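Following the hints, complete the assembly by docking chains L, P and E onto the known chain G.
Number of protein chains: 4
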Amino acid sequence: MIKVGIIGASGYTGAELARILCNHPEVEITVATSRQYADRPLSDIFQNLRGKVDILCENLPVEELCRKADLFFTAVPHKTAMDLVPVLLAAGKKVVDLSADFRLRDVAVYEQWYQPHSSSRLVKEAVYGLPELYRKDIAGCRLVANPGCYPTSIILGLAPLLKAGAIQPQSIIADSKSGTSGAGRTAQTGNLFCEVHDGFRPYKVGRTHRHTPEIEQEVSALAGQAVNITFTPHLLPIARGILSTVYATLTPGFNRQTISELYREEYGAEPFIRLLGEDIFPATQFVRGSNFCDISFKIDPATERIIIMSAIDNIVKGASGQAVQNMNIMCGFAETAGLGIVPLFP
Amino acid sequence: MIKVGIIGASGYTGAELARILCNHPEVEITVATSRQYADRPLSDIFQNLRGKVDILCENLPVEELCRKADLFFTAVPHKTAMDLVPVLLAAGKKVVDLSADFRLRDVAVYEQWYQPHSSSRLVKEAVYGLPELYRKDIAGCRLVANPGCYPTSIILGLAPLLKAGAIQPQSIIADSKSGTSGAGRTAQTGNLFCEVHDGFRPYKVGRTHRHTPEIEQEVSALAGQAVNITFTPHLLPIARGILSTVYATLTPGFNRQTISELYREEYGAEPFIRLLGEDIFPATQFVRGSNFCDISFKIDPATERIIIMSAIDNIVKGASGQAVQNMNIMCGFAETAGLGIVPLFP
Amino acid sequence: MIKVGIIGASGYTGAELARILCNHPEVEITVATSRQYADRPLSDIFQNLRGKVDILCENLPVEELCRKADLFFTAVPHKTAMDLVPVLLAAGKKVVDLSADFRLRDVAVYEQWYQPHSSSRLVKEAVYGLPELYRKDIAGCRLVANPGCYPTSIILGLAPLLKAGAIQPQSIIADSKSGTSGAGRTAQTGNLFCEVHDGFRPYKVGRTHRHTPEIEQEVSALAGQAVNITFTPHLLPIARGILSTVYATLTPGFNRQTISELYREEYGAEPFIRLLGEDIFPATQFVRGSNFCDISFKIDPATERIIIMSAIDNIVKGASGQAVQNMNIMCGFAETAGLGIVPLFP
Amino acid sequence: MIKVGIIGASGYTGAELARILCNHPEVEITVATSRQYADRPLSDIFQNLRGKVDILCENLPVEELCRKADLFFTAVPHKTAMDLVPVLLAAGKKVVDLSADFRLRDVAVYEQWYQPHSSSRLVKEAVYGLPELYRKDIAGCRLVANPGCYPTSIILGLAPLLKAGAIQPQSIIADSKSGTSGAGRTAQTGNLFCEVHDGFRPYKVGRTHRHTPEIEQEVSALAGQAVNITFTPHLLPIARGILSTVYATLTPGFNRQTISELYREEYGAEPFIRLLGEDIFPATQFVRGSNFCDISFKIDPATERIIIMSAIDNIVKGASGQAVQNMNIMCGFAETAGLGIVPLFP
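Residue numbers (the numbering used here), protein chains in the order written: chain G, 1 to 346; chain L, 347 to 692; chain P, 693 to 1038; chain E, 1039 to 1384.
For reference, chain G alone in the conformation it holds in the complex (with noise of 0.2 Å):
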C-alpha cells in the first residue's frame, strides 16, 4: 500500500484519477490538492465521489506536500508542472506528470511551442509514459511523462506499422475528434454547453496544435527520420472519447494479411490494446470510462491507402488511465491493477 497525491484534483483529469485509485488495490489516496477548492470535500466538488473519495482538498506549499505521500500525479498545467516536478523528485518522490512539460525531448521544440523551460536536465530524464512502447524504461524511472491524448490515440496506431516500414512516414494525415473534456474544466464561453452541443467543428487547423510536434517526435522516432505530419483535431459534441482516422500510403508489399500479423506481433498480449476484426471499426462509446484503445484498420486498393482507425477515452487512456498504468509499472504492481473497469455503454 503506497501513499499518492493528487496535485491538482478539481479538474477532469484530477477527479478522474479519484476515481480509478478509489479502487486501486495498492494505494491510498492520502493528499489531493486544490487552489480554488481549497477545504471543500473533493465529492462537494464531483458529486460522482460522494462517498467514495470524500477527502478534503488542500492548498498546501509543495514542501508539505512532499510529507503526505510517496508517489505524485502532477494533473497542472504546463509551466506550473515545471516548478513542482523537481522539488517532488529532490524530496525523494516518484512522479508521472500529466502536462506536457516534459513530453517533448527537445527542450529547443518545447520552448518553440510552449515557453522557456527551467528543468532542461530533467527533460532528459523523463520518460515518455507510453507503456505499449517504453515499458521497460517506465519501470526503473522516477518521472514519467504522461503522453498527450491526441498523441496517445494516433502513436498506438502507428506504431507497429511505422516500425515495420509498411507505411510512408511523410505521407500521414491524422484527423481526429476529441469530446469536450479535453477541454478540461475551466468555464470558457467556447465550451458553454449551447455553444457545443448538436454541433461539430474543427480547430487549431494546420500545424498549431500543440500536440503535433509530440506526436511527430515519435513518429520519426519509430520511422527512424524526421517526420513532419498534418494533424487536425475536431472537437465533439460528446463527453469523453478520442477517435482518430490517420491516412497513410501503403509501402508495396504490405496487404491486409501482413499488416494483421504486424498488429497482433506487436499488441497480441498487450492488456489495454483491443485489435478488431475485419470490417469492425472502433467506436468511442465502446470505450467509454476504460483504458482501452481499440484499434483497426482498412486498405484501399486503388489509392494504395491505408485507413488506420483508434479510439481511446480521452481521460483515461489519454490521460488519467494511462497515468495509472504508468505508476504501476514504476511501482512494480500488475500492470493492470485498479484498471479492470468495463467500458460503459450505452
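By construction, these hints were calculated from the structure, which means they are not laboratory data. You may find that some hints are simply not true.
Stated by the list, open to error - If you want a taste of the chain P side facing chain G, the calculated C-beta under 7 Å gives, among others:
{"hint": "1", "residue": "GLY743"}
{"hint": "2", "residue": "LEU825"}
{"hint": "3", "residue": "THR872"}
{"hint": "4", "residue": "SER873"}
{"hint": "5", "residue": "GLN880"}
{"hint": "6", "residue": "LEU884"}
{"hint": "7", "residue": "PHE885"}
{"hint": "8", "residue": "ALA931"}
{"hint": "9", "residue": "PHE946"}
Claimed, not checked - In silico SDA-like cross-links for lysine to any residue, where the CA-CA straight-line distance does not exceed 25 Å:
{"hint": "10", "chain 1": "E", "residue 1": "LYS1090", "chain 2": "P", "residue 2": "PRO733"}
{"hint": "11", "chain 1": "E", "residue 1": "LYS1242", "chain 2": "L", "residue 2": "GLN534"}
{"hint": "12", "chain 1": "L", "residue 1": "LYS509", "chain 2": "L", "residue 2": "PHE600"}
{"hint": "13", "chain 1": "P", "residue 1": "LYS896", "chain 2": "G", "residue 2": "THR186"}
{"hint": "14", "chain 1": "L", "residue 1": "LYS398", "chain 2": "G", "residue 2": "ILE280"}
{"hint": "15", "chain 1": "P", "residue 1": "LYS785", "chain 2": "P", "residue 2": "GLY1024"}
{"hint": "16", "chain 1": "G", "residue 1": "LYS3", "chain 2": "G", "residue 2": "LEU56"}
All values derive from a computational prediction rather than experimental measurement. Virtual Cβ for every residue (Gly too), placed ideally from N, Cα, C.
For chains L, P and E alone, coordinates are given in the frame of chain G:
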C-alpha cells in the same frame, strides 16, 4: 464461485448484467442466451464487452439451461418470464426476474394491467426485490421480483416519510424523467436518435404507465392504506438515468430537521443510498453507471409541501445492479460485491 | 419600415432577436449594442448570422442610441434595464424590455426578490407582455415587460382553467424543465458542456427561483385570489425548449370535454397556440425555433387531478419571439409578421 | 403559383421539403404521399408541421399523382425512383429526384454500385443538380438528379481548386462526418438514440460507401482526368449537419492569397456559399436548418498540403434545400425563394 446464467443477454439490461458480473468476485457467467444473436459472442453485439465477456450467446431450451448454472437472471419481456421461471425453480435454481411478472402481489391487478397470469402460485412466493425494504425476505427466498426502474426511484424517496406518517399519502405526485435506455434496444421509430435527441416529452400520462400499480402497491403498504398517486413519466435525451421529483403535503409537525432524521435513521447504514446535504440536489450524471440512489428534499413552507428528489441509473439500481444486489443477498455474499463501481462523470 | 435597436446583442436572446428581425418585413435593425464585442460584426460572435446580420456591435451611451432607432429591445440583465428604459421612454421611444425589471406590478415584491427599484413609477405603466392575456393593453402602450420563459409556459397552460374556475388554485404544482440556453451565454462552470450533457437535475427548488413571484402574480390575477404555487425548475441537456408539467385538482363538474371547450374558446383563434388532440403530448423538439406554444392535458379520474403540459422554445415564445410579437402589436403590424418560422425537426 | 408534389413525405427529407415549401411564395403543396401513413395528416407524423402543413398523406398510383401537381420531388429510395420518374416525365411533369438513381452518368458504374438500371436513357438527360457547377443546365432541364449530401459538401469545397489546377487530384482524402438524420427514419438498431448518443464512429471505410463514385465522377470532371479519392464517412451524435475535412497536396506556386482569390472568384456571388475568413473554421451548428455551405481552408507549409473544410446541413443544402434551389432554377423563380431561413443557433 457460483455459476450464473443471463437469460436475454442481448438487451441493455442483459448486457449490463454482463458488465457488472464479469468483475464480481463470487460468480462466473456460464451461459448467456439470445434468440437473435445465437452463436455470436456477446461482445460482438456489445463491443464494450470485448475482452471482458466474450461468451457465445446460445439459444437453448430451458431444460438445457438448467444444467448450466445455479442462479439465473431472467432479463426477458413480461409473459416470457412467467413461462420460464417455474421451470427454473422446479430444477432447484434461484431466480432474479427482471420482468414485471412477479412484482404485483395481487394477481387481479396484474391481469388488469398486463395479461392473464399462468403462475399465480409463484406470485405469492416471490419477494419484491427492494433490499432497503425487504432485505430479510430476500435473504431466504429463491425467487426475487426485481423492481421496476421508476418504482425504485420513487419508493426509495418516499419510504421513510410514509413509514413515519410525515406526508399525506393521497397527495403524492411523482414527476419522473427517464433516459432512453429504459425503452430497451428494440428498433422503434420513437427511439431513434433523431426523434429523441435535443428534445423532451412526457408519455403515458395519467394513470396509463404500467409502473403505476407497482408504485401504488408499495406506497399503500408503507402507508397502511390504499393509495392512488399521480405518476407522469417523461423521456430524457440521455442514455442512462432517472430523476424523480415527488411532491407531497407535509403532515403538520414535521420540519427540515425531523425529516432529515427520518432519512438518516432509515438509510444511514445503506451502502447504496447517498443522502445529499441541504440545497444539494441529485443529478443523473452523478450516479451514472453505479448502483447508487441519491436523495435529497426541500420543504416549501408557503404551500406546506415537501419536494423529494431522487436519482438512479435506471439500468443499474433501476435494473441490473439491483438484481446483482439481490443475488448477493440471496447467496450470502457481501451485499456490495461487484457493485463498487464509481459513477462515471463527466 | 421602422428602425429597431437591440440593446445587449451578444447574449442568446439578443442574437435570437437578430435572427427573427432580419426576415421581418416591417423593420430594419439599425443598432446593436455589446460592451464586450464593440466594433465587431454581430456575425463574428454568432457565425450563424453571417450574411444575414452583419451589423457592427456598438458600445454607445443611451443618449446616442436614442438617435438611432424608434423602438428598442432591451436584452440586458435586470437592474441594467431599470436604468436604461426611463431614458429611452423619455426620448419618445417604444421599448420591449426582456429583463425582469418591469414584470412585477408590486414594487415591494420586486424588491424582495431582486433589489431596490429605481423606476417604480414606470412599473405601473408597463404592460405584462403576454399577448394571449393582455393584447389590448399591449396595443396602446409604450413599455412592454416581456414575460419570463417559465412563466410563459405555465401561465398559458393554466389561464383558461383559472378563468373558468375549473381547478383549485392552491393545488397548483408546476414541474418545469428548461434547455440550457435559459442560463445565458456567460461562461460558468455549471453550464459547461461536460457538466450538463447526458445529465439532468433540478435547481432552485422550493420557492427560490425568481420566476416564482411572476407566476404567482398572474395566477393570482386569473384566480381572483392570492395564490401560492409550487414551482420546480430543472435543467435539460438540450439547447432550446421548456416543457412544463402542471398538476392541479379539478373542480367537480369539469371533465375532458368541458376542459377541451375551455381551451378552444380561449385559444382557438390564437396564432401561436397549438392545442394538441387527446393523447398527443407536447414535446420541445416540435416547437424548436418557432413562436409556438403547444398545449395538451390529461385527467386522472382516480385522483381527480388534471395534468397540463405545455412546450415552448424558451428563447422564442419564451423571450425574443414573444418580444417581436409584442412589437408587432404595439406598432400595428400583423401580429405574426416575421414569426412564420416553422419548427425545426429533427 | 405552381403545384408541387412530395413523393415520399414521411422520411426526413420529405418532411424537410414540406418545412421549406410551406413558406415558399411561388408554390403550393398539392399532394404528399406515404404508403405507411396514408390518410393521416403529415403533421401527425411530424408534429413540428402542425398548423403549417396539415395535408393528408395519400397512397396513390403514379398516374393519379400526375393529375395533382406540375412538379414533383421524389424523396424515395433508389430503385423506387427509377420506376416513378419515367412516368412523371412522360406526363409532362418536372422532377427533382432526391434518390441516387440519376446521379451517375455512367450506367455501368451505377450498376456496379447499386443494381441494374431500368431507365438508362434518362440517365443521359438528367442534370446533376449542383447549381454552383451546373446552373445553366438545370435551368433548361426537366429532370434534376439532386446530389448526395456528402458529395455536395466535398465537391463544393474542391471545385475552385480543381478547376485551377491548384491541387494534385490523386492526393485527395475526404474525411467526412455526418449527423444521424442522414441515415433516414427507418427503425434500425444502429440508429437508436442509445447507440449513437455520446459516441462517434467511422463506417463504410475504404471505398465502400456509395457516395464514392458520385464524388469521383465530379472530381474527375473538374480535374479533367480519372481520379480515385479516399473517402471516410463517420457518424456524429447530432441530428443535422455534415462537416468534411478534405486534404490535398498543393500545386507549387499556389498560396493563401491565390487560393483565397480562386474561392472568391468562383463563389463571391453565390447566394448560399459563405467563405469564412482566415482562421475561422466552419461548424455544423452555424448552418443548421439553412441552405448555406460554409467553406474555409488552411495551408500547412511544412507538408505542402491544403486542408479544406466545409459544412452544410445535410437535409437542407445536402438534400431538400438544394432540391428547392434546383426547382427555383428550373421554374425561373428567384433562386433564393423560400430559402431565406437563417441558421438556428444555439
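Structure-based check of each hint:
Interface restraint check for GLY743/P: the shortest CB-CB distance to chain G comes to about 18 Å, outside 7 Å, so the restraint is violated. Interface restraint check for LEU825/P: the shortest CB-CB distance to chain G comes to about 30 Å, outside 7 Å, so the restraint is violated. About 4 Å separates the beta-carbon of THR872/P from the nearest beta-carbon of chain G, less than 7 Å, and the hint is met. Among the interface hints, the one on SER873/P holds; its C-beta lies about 5 Å from the nearest C-beta in chain G, closer than the 7 Å criterion.
For GLN880/P, the interface hint holds, since its Cβ comes within 7 Å of a Cβ in chain G; the closest pair sits about 5 Å apart. Hint status for LEU884/P: holds, given a least beta-carbon distance of 5 Å to chain G, under 7 Å. With a cut of 7 Å, the hint placing PHE885/P at the interface with chain G holds, because the nearest CB-to-CB distance is about 4 Å. For the restraint placing ALA931/P at the interface with chain G, the shortest Cβ-Cβ distance is roughly 5 Å, inside the 7 Å limit, so the hint holds.
At its closest, the beta carbon of PHE946/P sits 40 Å from a beta carbon of chain G; the interface hint therefore is violated under the 7 Å criterion. Restraint check for LYS1090/E and PRO733/P: the C-alpha separation of about 34 Å exceeds 25 Å, so the hint is violated. The suggested pairing of LYS1242/E with GLN534/L holds, with an alpha-carbon distance near 24 Å, which does not exceed 25 Å. For the given pair, LYS509/L sits about 13 Å from PHE600/L by alpha-carbon distance, which is consistent with the 25 Å threshold.
Proposed proximity of LYS896/P and THR186/G is supported: the alpha carbons are some 23 Å apart, at most 25 Å. With a C-alpha separation of about 17 Å, the suggested pair LYS398/L and ILE280/G falls inside the 25 Å cut-off, and the hint holds. Using a Cα cut-off of 25 Å, the hinted pair LYS785/P and GLY1024/P holds, with the two alpha carbons roughly 15 Å apart. Taken as a hint, the LYS3/G and LEU56/G pair is honoured in the structure, with Cα atoms around 16 Å apart against an allowance of 25 Å.
The earlier numbered hints that this structure contradicts are 1, 2, 9, 10.
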